[in-house]
Amino acid sequence: MDWTIIQQSLPNFVQGFKLTLWLSLVGIVGSIIVGIITSLVQYFRVPVLKQILNVYVEVARNTPLLIQLFFLYYAFPVMGIKMTAETCGIIGLIFLGGAYMAEGFTGGFNGVSQNQLDAGEALGMNQFQLARYVVLPQGLSLSVPALAANIIFLIKETSIFSVIAIPELTNTALDLIGMYYRSNEYLFVLVVAYAIILIPVILLLDWLERRVRYGAFGN
Amino acid sequence: MAEEILKVEHLNKFYGDWQALHDINFDLQKGEVVTLLGPSGSGKSTLIRTLNGLEPFKDGNIYFKGEKVEPTPKEWQKLRQQIGMVFQSYDLFPNLTVLDNILLAPTKVQKRDREEVKKEAMALLERVDLADQANSYPRQLSGGQKQRIAIVRALAMHPELMLFDEVTASLDPEMVRGVLEIIKELADRDHMTMIIVTHEMNFAAQIADRVLFLEDGKLLEDTPGKQFFEHPQTARAAEFLSSMEF
Ligand SMILES: Nc1ncnc2c1ncn2[C@@H]1O[C@H](COP(=O)(O)OP(=O)(O)OP(=O)(O)O)[C@@H](O)[C@H]1O
Ligand SMILES: [Mg+2]
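From first to last, the protein sequence lines are chains A and B.
Residue numbers are given in this note's numbering: position 118 of the first sequence equals residue 118, and the series is strictly consecutive.
In short: position in the second sequence from 1, add 1000, done, that's this note's numbering.
Where hints are given, some of them may not hold.
[To be verified] The calculated label-pair distances, taken between Cβ atoms and stated as ranges, are:
1) B/Lys1119 / A/Asn115: 27 to 33 Å
2) A/Tyr56 / B/Gly1031: 54 to 60 Å
3) A/Val59 / B/Asn1025: 52 to 58 Å
4) A/Ile196 / B/His1158: 56 to 62 Å
5) A/Phe44 / B/Ser1243: 41 to 47 Å
6) B/Glu1116 / A/Thr84: 55 to 61 Å
7) A/Leu49 / B/Glu1009: 38 to 44 Å
8) B/Ala1123 / A/Arg45: 40 to 46 Å
9) B/Lys1108 / A/Ile196: 42 to 48 Å
10) A/Val59 / B/Lys1119: 53 to 59 Å
11) B/Asp1209 / A/Tyr56: 56 to 62 Å
12) A/Arg45 / B/Met1122: 37 to 43 Å
13) A/Lys50 / B/Ala1123: 41 to 47 Å
[Unchecked claim] Below, computed lysine-lysine pairings styled on DSSO-like, alpha-carbon distance capped at 30 Å:
14) B/Lys1030 / B/Lys1184
15) B/Lys1218 / B/Lys1078
16) A/Lys50 / B/Lys1058
17) B/Lys1218 / B/Lys1068
18) B/Lys1078 / B/Lys1007
19) B/Lys1058 / B/Lys1218
20) A/Lys50 / B/Lys1108
21) B/Lys1030 / B/Lys1108
22) B/Lys1074 / A/Lys50
23) B/Lys1108 / B/Lys1065
24) B/Lys1218 / B/Lys1007
25) A/Lys50 / B/Lys1078
[Stated by the list, open to error] These stretches of chain B come out as covered by chain A in the derived footprint (C-beta under 8 Å, 3 or more residues):
26) 1083-1096
27) 1105-1111
The hints are simulated quantities; they were obtained by calculation from the structure and are not laboratory data.
What you are looking at is a predicted structure, and each value in this text was computed from that prediction instead of being measured.
Built from N, CA and C at the ideal position, the CB exists for glycine as well.
Kindly produce the complete structure, drawing on both the sequences and the hints.
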């Protein structure tokens, strides 16, 4: 292990680190928004929209991100839609993540008991109020474990962006290895960099899970 | 002249192909307390839930305060603001404090002023001896306390009619009395119009102006309370009463 090589590569890795962080953040926030909307549409069985989103969830969950990215990056320009690699990456990640998040939220919403819904309805709530005051707060707490798993999954999934040459962490490492043939050093930095992102995220999500389990819940 | 709160005409209710309620007819005047009795599985919950639209019905008519109910979700949603319901399992919202449980529907559904509703809620909590629990969460309360809160939550809507479905059935025996006393007081002091499903026969005998006796989804008796407990009209009701051993 040659520490000077590591040192020299650090500026590159810092760039990659920032990009991975940024892409993850945008991807996760976008996925959560798409996921909540999708699962609410499915939960309240909004006609037509529900069928469309069912198809979306199936397609997105059953095709690899790699293929989705190739499609966005190589096939869309043929149809006249040109996007930067980063835009393709973010769209791809949200497309995939939205479907996974939707599944997680749907699980949470379905976990809200019929008794709770009856209680809300008996108090005169309309569908919107039922969603806002009963289904969402309780369903979201119930979906925190799935949400946590999906967040970790999406962060890891950003590594696939390297195939369309987005200079995030994995791409940076592969590039450096290709140029200087020093895989030990670069892979070591790569692992450390992912750990720096993932460990705090895991701890934070753990804390959140414990909080909603003992805090907002229990009858 | 009494005002009619509820009238049910030729009500039939099916679960799939199976008929749960057969041609139910009765009415309810303002201030009347009716207990709905019958063996397990006779359709008491089904009937009471049909009366506020939680269960759809196939045919027949329900009139609320003289007006025929159009059984659409929107119409029921409006009517439920005037029909309070309390369930066996309390069903307080676990993510909200006691006070917020009570304030939610009056402020969000009826759009009433929060401060005004809060004053009223505190007075109601006082009445059920739970003012000191206003900021507790449901999980911190006993079953009996939760059920008293559930009653307050329904009352805060200013209902014209209250429906109770076996509200003491899940409670430890020592909690039962407190809840029943509140219901009794609602009858005596507030002259609240109520339909009460209960297995507490002593309580039913004490509180009922009239008894509806249901078996196999059929209304076998609609009898004044005193008469029902002393001289039930049908052999089935007599059998039911002796089986309850109270
Ligand atoms: N959602 C449902 N689907 C199908 N059948 C149902 C449903 N709900 C109730 N039933 C059936 O309808 C009948 C009446 O049930 P209901 O719960 O109204 O009885 P009940 O008089 O309230 O009984 P209990 O005293 O045990 O609460 C029962 O045979 C029950 O199995
Ligand atoms: Mg029942």
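To see whether the hints hold, each was checked on the structure:
In this structure, B/Lys1119 and A/Asn115 meet the distance hint of 27 to 33 Å, their C-beta atoms being roughly 30 Å apart. For the pair A/Tyr56 and B/Gly1031, the supplied restraint of 54 to 60 Å holds, since their beta-carbon distance comes to about 56 Å. Hint check: A/Val59 to B/Asn1025, Cβ distance near 54 Å, so the stated range 52 to 58 Å holds. Evaluation of the 56 to 62 Å hint for A/Ile196 and B/His1158 yields a pass: the beta carbon distance comes to about 58 Å.
Checked against the hint of 41 to 47 Å, the pair A/Phe44 and B/Ser1243 passes, with Cβ atoms roughly 45 Å apart. In this structure, B/Glu1116 and A/Thr84 meet the distance hint of 55 to 61 Å, their C-beta atoms being roughly 56 Å apart. With their beta carbons about 39 Å apart, A/Leu49 and B/Glu1009 fall inside the hinted range of 38 to 44 Å. Evaluation of the 40 to 46 Å hint for B/Ala1123 and A/Arg45 yields a pass: the beta carbon distance comes to about 41 Å.
Here the CB-CB span from B/Lys1108 to A/Ile196 is close to 44 Å, well matched to the stated 42 to 48 Å. Our hint of 53 to 59 Å for A/Val59 and B/Lys1119 holds, since their Cβ atoms are close to 55 Å apart. For the pair B/Asp1209 and A/Tyr56, the beta carbons lie near 58 Å from each other, so the given range of 56 to 62 Å is met. With their beta carbons about 40 Å apart, A/Arg45 and B/Met1122 fall inside the hinted range of 37 to 43 Å.
A/Lys50 and B/Ala1123 have their C-beta atoms about 45 Å apart, which keeps the hinted 41 to 47 Å range intact. As the CA atoms of B/Lys1030 and B/Lys1184 are separated by approximately 16 Å, the hinted pair is consistent with the 30 Å bound. Proximity of B/Lys1218 to B/Lys1078 is assessed by CA-CA distance (about 29 Å); at most 30 Å being required, the pair is judged to hold. Pair hint A/Lys50 plus B/Lys1058 holds up; C-alpha atoms about 28 Å apart against a cutoff of 30 Å.
The hinted pair formed by B/Lys1218 and B/Lys1068 meets the criterion: a straight-line CA distance of about 22 Å does not exceed 30 Å. Annotation: proposed proximity of B/Lys1078 to B/Lys1007 holds, straight-line Cα distance about 18 Å (limit 30 Å). For the hint pairing B/Lys1058 with B/Lys1218, the CA-to-CA distance comes to about 15 Å; that is within 30 Å, so the pair holds. With a CA separation close to 28 Å, the supplied pair A/Lys50 and B/Lys1108 stays within the 30 Å bound.
Distance hint between B/Lys1030 and B/Lys1108 is fulfilled; the C-alpha atoms sit about 27 Å from each other, no more than 30 Å. The suggested pairing of B/Lys1074 with A/Lys50 holds, with an alpha-carbon distance near 22 Å, which does not exceed 30 Å. Our distance criterion of 30 Å between C-alpha atoms is met by B/Lys1108 and B/Lys1065, whose separation comes to about 25 Å. At most 30 Å may separate the alpha-carbon atoms for a hinted pair to count; B/Lys1218 and B/Lys1007 meet this at roughly 16 Å.
Distance check on the hinted pair: A/Lys50 and B/Lys1078 sit about 27 Å apart at the alpha-carbon level, within 30 Å; holds. Check on the segment 1083-1096 of chain B: 10 of its residues sit with their Cβ under 8 Å from a Cβ of chain A, so the three-residue criterion for coverage holds. Taking a C-beta to C-beta cut-off of 8 Å, the segment 1105-1111 of chain B contributes 4 residues in contact with chain A, enough for the three needed, and the coverage statement holds.
Of the numbered hints stated above, none is contradicted by the structure.
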